[in-house]
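Residue numbers (the numbering used here): 73 to 199.
No wet-lab data here; the hints were simulated from the structure.
You may find that some hints are simply not true.
As the list claims (entries may be wrong) - Quick list of in silico lysine-lysine cross-link-like pairs, DSS-like style, CA-CA up to 30 Å:
{"#": "1", "residue 1": "Lys131", "residue 2": "Lys110"}
{"#": "2", "residue 1": "Lys171", "residue 2": "Lys124"}
{"#": "3", "residue 1": "Lys171", "residue 2": "Lys110"}
{"#": "4", "residue 1": "Lys171", "residue 2": "Lys131"}
{"#": "5", "residue 1": "Lys110", "residue 2": "Lys125"}
{"#": "6", "residue 1": "Lys110", "residue 2": "Lys124"}
{"#": "7", "residue 1": "Lys125", "residue 2": "Lys171"}
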Amino acid sequence: MNINEHHTPYPDMSSVPSELSFTDVWDGEAVSGLIRSKCDHGETPAFLFLGKKEALLLKEHLAQTFGEEAVVTLHGTYYMGLDVVTIDCESFLNTGGRKTIRTLQDPMARRPAWRDREVDALWQFRI
């Protein structure tokens with residue numbers, strides 16, 4: 073068996089366009105709007121793919137909020153619920169992947185009704 077390894081960095085810029093572009097400041101509202109626009113039927117994007125410029129802007133934004141020492145790297149960072157992934161290109165921002173939103177089930181909803189009619193009819197005292 074002859075297998076050739078071919079590594080294509082995600083994303084392929086020619087087929088996946090950048091969804092947002094920033095000038096010199098991180099725009100959290102624009103990113104939030106982008107994420108909301110992609111939420112449909114209980115599914116949301118799972119990853120926030122950033123180019124070098126956007127990664128630097130996000131680092132600066134987080135450093136202003138949490139302090140310089142708190143933001144050494146974006147590895148393992150979540151922003152607005154999305155896992156931040158930096159890619160090797162100058163400028164790029166895209167959301168991708170998919171995660172489902174799990175709704176919490178109320179344990180009370182699985183219990184039988186307090187007064188079950190069939191059982192209640194057996195214990196009803198009639199005069």
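Quick rundown of the hints versus the structure:
{"no.": "1", "hint": "Lys131 to Lys110", "result": "24 Å, holds"}
{"no.": "2", "hint": "Lys171 to Lys124", "result": "25 Å, holds"}
{"no.": "3", "hint": "Lys171 to Lys110", "result": "11 Å, holds"}
{"no.": "4", "hint": "Lys171 to Lys131", "result": "25 Å, holds"}
{"no.": "5", "hint": "Lys110 to Lys125", "result": "23 Å, holds"}
{"no.": "6", "hint": "Lys110 to Lys124", "result": "23 Å, holds"}
{"no.": "7", "hint": "Lys125 to Lys171", "result": "26 Å, holds"}
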